[in-house]
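Residue numbers (my numbering), protein chains in the order written: chain S, 1 to 221; chain P, 1001 to 1265.
No lab work stands behind these hints: they were computed from the structure.
Here the structure is a predicted model, which means the values were calculated and not measured.
Check the hints yourself; a few may be wrong.
[Said to hold, decoys possible] Residues of chain P placed beyond 12 Å of chain S at every Cβ, according to the derived structure:
| hint | residue |
| --- | --- |
| 1 | G1065 |
| 2 | T1090 |
| 3 | A1092 |
| 4 | N1130 |
| 5 | K1202 |
| 6 | V1221 |
| 7 | W1222 |
| 8 | K1227 |
| 9 | Y1245 |
| 10 | T1252 |
| 11 | E1254 |
[To be verified] Below, computed lysine-lysine pairings styled on DSS-like, alpha-carbon distance capped at 30 Å:
| hint | chain 1 | residue 1 | chain 2 | residue 2 |
| --- | --- | --- | --- | --- |
| 12 | P | K1104 | S | K200 |
| 13 | P | K1251 | S | K2 |
| 14 | S | K197 | P | K1251 |
| 15 | S | K2 | S | K108 |
| 16 | S | K3 | P | K1025 |
| 17 | S | K204 | P | K1025 |
| 18 | S | K192 | P | K1104 |
| 19 | P | K1112 | P | K1227 |
| 20 | P | K1251 | P | K1104 |
| 21 | P | K1025 | P | K1251 |
Glycine included, each C-beta is placed from N, C-alpha and C at the ideal position.
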Amino acid sequence: MKKGMIKATGPFERVVHWCVALSCLFLCITGMAMMYHSLNVVGSLVGGMENVKILHNYCGVFFGISLVLTILMWWREAGIFSFPEDLQWIMAAGGYLWHVDKVPEVGKYNPGQKMFFLAVALFGAVMVASGLIIWFPEGYAVGTLRLMYVFHALGFVVIFAFFFVHLYLVTIGAPGSAPAMFTGWVTRGWVKTQHPKWLKEMEKDGTLVVCGEKKCSGKKA
Amino acid sequence: MKQELIKLIDLSRCTACRGCQVACKQWNEMPASKTNNFGSYQNPPDLQWNTWTLIRFQEIEDRGGNVKWLFRKDGCMHCTDAACIKVCPTEALYHTEFGSVALKAHKCIGCKACIPACPFGVPKMNTATNRISKCDLCYTRLLANQPPACVLSCPTGAITFGDRDAMLAKAHKRATELGGDASVYGDKFVDGTHVLYVLTEKAEVYEHLPTDPKMPLSIIVWKDILKPAGLITAGAVVAGAFLHYITHGPKTPEEETTCEGGKES
């Protein structure tokens, strides 16, 4: 790792992130293969549509477990809005939509990221719950079952749309973000631009880890 | 569509001999299941994966205070606007050239979506094969220009089969003939079913017979709104992201340097 890079995530965070991300992607593909008849061809890759269903169901269990870990891991940092700075950031749309001279500074996660986290947590939970009921419908009323299919499709619409927002931002929309979830190290310039307040907080608390520097140099006793 | 065919069940002529029930099992080679007596001649108690048609027995009190026996041959109604077909993820359930609803069992993945979708509670799960199972209006017989097995077996002429328009006319004629509460059931909802009843009582008198069966609203929301919305919103996001990139531009870090010991200076 290059000297001067700043540590943004730990290995556990990255593993959990990719467990949720890849299982979610797999669920989207297999789910779409079942929702859109023209995508039934996906079934031929795994030996038939019944296998698509089976893989979708068990992948859903994996997603559910990963989602619980994600929520436990991130809800304190990304699940709670802090006012007034988050509101100010939202009013300025984080400087993403129109020109803002000085984007309001927010902590480790900006409100956009918090909204993404909450959407994934909420609709992910809806998907797991409705999916399990669809998988094991015995004993449920017809009306309940019919509603579960609506929830499952609604969750897909939301998560699938958010997926592309996420993909855009981590690739070309906010360059320099992706390494946070690959190597875990990001540039100081990126942190200063994206999360200036977080950088200040880490410097103040002495929790900033810089590659090539002695760890915990500024930590208070 | 080659020829739209309809099965007409005139309940005023049904004697509940259950010949249709047996003929159905025989033609479709379906085994019997261990049953239980629940205090009725009706047997088995409900439609099963291996019982595609069933005579329902019901006792009602007529206006004079006398007990009256009602019989109804239950089974798939073969809807035109069929909810089971609409929810089927693999097109295993489909409309035949006769307008009936049949199943390509090799395409069924056992997802059970059609079970709560059906307004008549018809599709049943064969747990041994993990496939759905229901009446296909004897599709193989229709291809051979033969009427369904149940029609052939009926000794009283309660079940007849034929061209759509002819059967509709016949049903209405018979209902008028019977008078009173008699009516035709199946011509008005879900764009018309391919099984018609001539009911002797009002529809609401019959057990397990919905008075206003329709495509469930949940399925309209799911298949006609959310299904296209999934692609439209995702497409809008991709288009919006591209527009954002070429108009507003990415949020690029002010300084790209990563070296120099990480000190701010």
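Do the hints match the structure? See the list:
1. Residue placement check: G1065/P keeps its beta carbon more than 12 Å from all beta carbons of chain S (closest about 35 Å).
2. At roughly 5 Å from the closest C-beta of chain S, the C-beta of T1090/P falls inside 12 Å, breaking its exclusion from the interface.
3. Residue placement check: A1092/P does not keep its beta carbon more than 12 Å from all beta carbons of chain S (closest about 9 Å).
4. The claim that N1130/P lies off the interface is violated: its Cβ sits roughly 8 Å from the closest Cβ of chain S, which falls inside the 12 Å cut-off.
5. The beta carbon of K1202/P sits about 24 Å from the closest Cβ of chain S, which is more than 12 Å, so the claim that it is off the interface holds.
6. At the 12 Å boundary, the C-beta of V1221/P falls inside the reach of chain S, the nearest C-beta of that chain being 5 Å off.
7. Remark: the non-interface label on W1222/P conflicts with the geometry, its nearest Cβ contact in chain S lying 5 Å away (cut-off 12 Å).
8. The claim that K1227/P lies off the interface is violated: its Cβ sits roughly 6 Å from the closest Cβ of chain S, which falls inside the 12 Å cut-off.
9. Its beta-carbon lying about 6 Å from the closest one in chain S, Y1245/P breaks the requirement of being farther than 12 Å from that chain.
10. For T1252/P, the requirement that its beta carbon stay farther than 12 Å from each beta carbon of chain S is not met, with the minimum near 6 Å.
11. Consistency note on E1254/P: stated as away from chain S, yet its beta-carbon is not over 12 Å from all of that chain's, at 5 Å minimum.
12. Note on K1104/P and K200/S: the hinted pairing is violated, with a Cα-Cα distance of about 64 Å set against a maximum of 30 Å.
13. At most 30 Å may separate the alpha-carbon atoms for a hinted pair to count; K1251/P and K2/S meet this at roughly 23 Å.
14. At roughly 17 Å between alpha-carbon atoms, K197/S and K1251/P fall within 30 Å of each other, so this suggested pair holds.
15. Taking the CA atoms of K2/S and K108/S, the gap is near 22 Å; set against the 30 Å cutoff, the hint holds.
16. For the hint linking K3/S to K1025/P, the alpha-carbon distance of about 78 Å lies beyond 30 Å, and the restraint is violated.
17. Pair hint K204/S plus K1025/P does not hold up; C-alpha atoms about 80 Å apart against a cutoff of 30 Å.
18. Between the alpha carbons of K192/S and K1104/P the distance comes to roughly 60 Å, so the proposed pair goes past 30 Å and is violated.
19. With a C-alpha separation of about 19 Å, the suggested pair K1112/P and K1227/P falls inside the 30 Å cut-off, and the hint holds.
20. The hinted pair formed by K1251/P and K1104/P fails the criterion: a straight-line CA distance of about 53 Å is larger than 30 Å.
21. For the proposed pair K1025/P and K1251/P, the alpha carbon gap of about 69 Å is over 30 Å, so the pair is violated.
The earlier numbered hints that this structure contradicts are 2, 3, 4, 6, 7, 8, 9, 10, 11, 12, 16, 17, 18, 20 and 21.
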